[in-house]
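> Residues per chain are reported as follows:
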Amino acid sequence: MAYENGVLVYGEAKDGRLLSITGELLNVGRQLADSLGQPLSAALIGEGTAELAQEAIALGADKVFVVDDAIFAEYLHDLHVPAAVNVAKEVDPYIILAGQTASGRDLAPHLAFHLDTGIAIDCTALEIDSSTNRMRATRPFSGGNFRQVIGVKTQPQMATIRSKAIDGAAPDTSRTGEVVNVNHGVDASQSRMKFIESKPIESEGVRLEDADVVVSGGRGIGGPEGFEGLEDLAAIFDGGAVGGSRAATDSGFTAPERMVGITGVIVAPNLYMAIGISGASQHLAGCGGAKTIVAINTDEEAQIFGSSSFGVVGDYKQVVPAFAEEVKKLLQG
Amino acid sequence: MRIVTCVKQMPDPESPASLYSIDDVNKKVVPSSNVPPDVSDYDRYGVEAALMLKDKDADVHISVVSLGIDHSLDVIKRPVAMGCDDLYLIQGEDLDDPDPSITSHGLVAAVNQIGDVDLITFGRQSGNRDQASVGPGVAVILGWPCVTNAVDLEDIGDGKLRVERLSEGGTEIVEVNLPAVLTFSSEMPHQPRYATMRGIMQAKRVEPTIWSASDLGLDVASLEKIEVLDVFFPTSTTEVEIIEGDSPAEAGRALAQRLREARVI
Ligand SMILES: Cc1cc2nc3c(=O)[nH]c(=O)nc-3n(C[C@H](O)[C@H](O)[C@H](O)COP(=O)(O)OP(=O)(O)OC[C@H]3O[C@@H](n4cnc5c(N)ncnc54)[C@H](O)[C@@H]3O)c2cc1C
Numbered sequence: 000m001a002y003e004n005g006v007l008v009y010g011e012a013k014d015g016r017l018l019s020i021t022g023e024l025l026n027v028g029r030q031l032a033d034s035l036g037q038p039l040s041a042a043l044i045g046e047g048t049a050e051l052a053q054e055a056i057a058l059g060a061d062k063v064f065v066v067d068d069a070i071f072a073e074y075l076h077d078l079h080v081p082a083a084v085n086v087a088k089e090v091d092p093y094i095i096l097a098g099q100t101a102s103g104r105d106l107a108p109h110l111a112f113h114l115d116t117g118i119a120i121d122c123t124a125l126e127i128d129s130s131t132n133r134m135r136a137t138r139p140f141s142g143g144n145f146r147q148v149i150g151v152k153t154q155p156q157m158a159t160i161r162s163k164a165i166d167g168a169a170p171d172t173s174r175t176g177e178v179v180n181v182n183h184g185v186d187a188s189q190s191r192m193k194f195i196e197s198k199p200i201e202s203e204g205v206r207l208e209d210a211d212v213v214v215s216g217g218r219g220i221g222g223p224e225g226f227e228g229l230e231d232l233a234a235i236f237d238g239g240a241v242g243g244s245r246a247a248t249d250s251g252f253t254a255p256e257r258m259v260g261i262t263g264v265i266v267a268p269n270l271y272m273a274i275g276i277s278g279a280s281q282h283l284a285g286c287g288g289a290k291t292i293v294a295i296n297t298d299e300e301a302q303i304f305g306s307s308s309f310g311v312v313g314d315y316k317q318v319v320p321a322f323a324e325e326v327k328k329l330l331q332g
Numbered sequence: 000m001r002i003v004t005c006v007k008q009m010p011d012p013e014s015p016a017s018l019y020s021i022d023d024v025n026k027k028v029v030p031s032s033n034v035p036p037d038v039s040d041y042d043r044y045g046v047e048a049a050l051m052l053k054d055k056d057a058d059v060h061i062s063v064v065s066l067g068i069d070h071s072l073d074v075i076k077r078p079v080a081m082g083c084d085d086l087y088l089i090q091g092e093d094l095d096d097p098d099p100s101i102t103s104h105g106l107v108a109a110v111n112q113i114g115d116v117d118l119i120t121f122g123r124q125s126g127n128r129d130q131a132s133v134g135p136g137v138a139v140i141l142g143w144p145c146v147t148n149a150v151d152l153e154d155i156g157d158g159k160l161r162v163e164r165l166s167e168g169g170t171e172i173v174e175v176n177l178p179a180v181l182t183f184s185s186e187m188p189h190q191p192r193y194a195t196m197r198g199i200m201q202a203k204r205v206e207p208t209i210w211s212a213s214d215l216g217l218d219v220a221s222l223e224k225i226e227v228l229d230v231f232f233p234t235s236t237t238e239v240e241i242i243e244g245d246s247p248a249e250a251g252r253a254l255a256q257r258l259r260e261a262r263v264i
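Protein chains in written order, with numbering that gives the first Met the number 0: chain A, 0 to 332; chain B, 0 to 264.
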């Protein structure tokens with residue numbers, strides 16, 4: 000059993016910088032490695048990742064395994080998975096962690112089956128059980144209605160972590176570590192998949208996942224027209240963005256990429272406004288990390304009030320315009 | 000083309016948590032009898048994707064495969080009523096919502112029994128486990144390519160599909176060689192279709208083929224890779240402060256002032 004090889008995290012980078020999930024993985028990975036008294040390694044698969052190795056060390060890695068090749072510029076399943084398998088075999092770790100992100104949620108379960116091991120998906124807390132020295136992985140399930148603690152019975156023990164569930168590591172530039180270039184051994188010509196093009200979402204202003212204030216609407220908004228008022232409200236705030244519930248996006252009230260929730264975007268803004276949203280667990284899974292949730296709903300029994308700090312019981316059509324006007328005054332004053 | 004679409008039966012995902020109790024011995028949540036069974040939500044999109052191919056090519060044959068315990072025929076025949084052709088059930092006491100490793104191996108065994116399958120479609124994740132692992136597991140065991148979180152597909156001939164999938168900050172188009180595994184998310188061009196009258200009649204006539212794990216040569220216990228150590232309800236500590244006013248507009252203004260006072264804005 001490769002006990003001594005510690006924890007391996009799969010970091011993510013884009014446009015020449017590490018994504019925040021990498022800091023979150025290194026933070027929890029460091030805690031697990033320290034509990035075990037074992038090293039923490041990071042794998043960085045991508046293009047231009049060699050230059051990010053020092054940054055990963057500053058965030059807690061002892062060793063960084065770099066796969067830096069133009070063929071990995073975009074995440075493509077059929078190239079990334081074999082490269083990740085090769086890194087895992089080279090490192091032979093005790094624990095493997097990845098992010099439950101657009102690419103990590105594809106990579107991680109495939110990697111687990113290739114390594115013939117088990118995985119706990121979308122976890123919000125990880126710890127080492129000091130009596131068994133094995134990982135305990137806490138995860139929400141059934142759309143967030145319940146929690147379970149998973150133990151992986153096989154080796155290596157794998158888990159993915161939900162984005163924004165765990166704080167990112169603070170960089171310490173005085174840390175030192177080792178950088179290893181890995182020969183990925185992937186022949187792109189053998190790929191059974193071809194990347195054709197990406198269709199990025201054109202959105203003005205701040206990205207929903209980075210927004211400081213998120214104004215979300217649900218089925219109660221009634222149609223696309225109602226969302227225009229939410230756009231106006233979001234625009235009043237510096238760093239405001241509009242989101243929606245699945246009922247709102249499925250009905251075409253707003254664009255699908257605006258969906259907040261377990262299978263949509265995960266946001267953790269300072270202020271989350273849930274307007275005409277009932278508060279299903281699957282929706283709350285995407286906004287539960289907000290500092291303050293405010294609900295506006297005609298139904299005083301709506302579940303959303305149970306997760307909110309402030310609420311107004313009333314028709315949003317009357318509440319929101321007056322609220323928006325008053326906010327504008329306060330922010331200008 | 001021969002398609003297998005995999006469908007899970009589970010308790011209605013939108014029933015509130017208060018209708019469940021916790022079985023501490025078996026580390027499970029147990030729905031009360033007021034929670035009806037349903038087809039796992041995202042699986043309906045995998046079914047729809049298969050039907051989109053059949054719409055364009057009447058020679059497409061779609062088999063529905065479900066692994067579990069206590070299948071309700073009313074529920075599990077819904078994909079047939081939507082337009083699929085036949086139904087295979089893998090059933091047993093040892094297949095009560097098992098580990099994704101067990102489910103994946105069971106589905107692969109069924110696919111091998113069915114034979115000559117070109118495409119397997121799934122939902123992106125089940126609505127009660129949210130593990131998103133069975134589609135990938137089936138792909139790895141079969142050695143087939145897998146596109147997860149697909150939202151649209153087109154048969155472009157030459158043994159290839161063109162697939163649009165969710166990516167970081169948008170979508171992307173990939174081409175994938177068949178045989179392949181695809182998992183679907185709900186951001187498709189349209190919602191899954193309703194059953195037709197004809198489909199409902201067809202579903203009535205369909206007799207499912209039923210296999211047990213041992214019929215398929217599976218040693219269930221040896222395939223288990225994860226265990227549930229504990230299960231509990233999340234605790235909520237939020238206490239809501241309801242802002243009132245003489246009119247809804249007054250309440251809206253008062254809310255803004257209260258948020259300012261609390262330094263939220
Ligand atoms: C597997 C699975 C995954 C899912 N993933 C997600 C996800 O990621 N994100 C997500 O959001 N959902 C998700 N869902 C769906 C989720 O279960 C709920 O169905 C959905 O969130 C409900 O959206 P809603 O609150 O807008 O609609 P509803 O539940 O219909 O609520 C509408 C609310 O609007 C209120 N209202 C009506 N009129 C007004 C008015 N004039 N003014 C103010 N309030 C008004 C009503 O009182 C009600 O509370 C998922 C479901 C499943 C099964």
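Any given hint might turn out to be false.
[To be verified] The following label-pair restraints were derived from C-beta to C-beta distances:
no.	chain 1	residue 1	chain 2	residue 2	range
1	B	L72	A	K152	49 to 57 Å
2	B	T236	A	D91	37 to 45 Å
3	B	D23	A	K88	49 to 57 Å
4	B	E240	A	K327	19 to 27 Å
Hints were generated in silico from the structure; no laboratory data involved. Just so it is clear, CB atoms sit at the ideal spot from N, CA and C, and this is done for glycine as well.
> Now, for every hint given, state plainly whether the structure supports it.
Evaluated hints:
1. B:L72 x A:K152: 49 to 57 Å: violated, 34 Å
2. B:T236 x A:D91: 37 to 45 Å: Taking Cβ atoms as reference, T236 (chain B) and D91 (chain A) lie about 42 Å apart, which means the hint holds.
3. B:D23 x A:K88: 49 to 57 Å: Since D23 (chain B) and K88 (chain A) have Cβ atoms about 39 Å apart, the given range 49 to 57 Å is violated.
4. B:E240 x A:K327: 19 to 27 Å: holds, 23 Å
Checked against the numbered hints listed earlier, the structure breaks hints 1 and 3; every other hint is satisfied.
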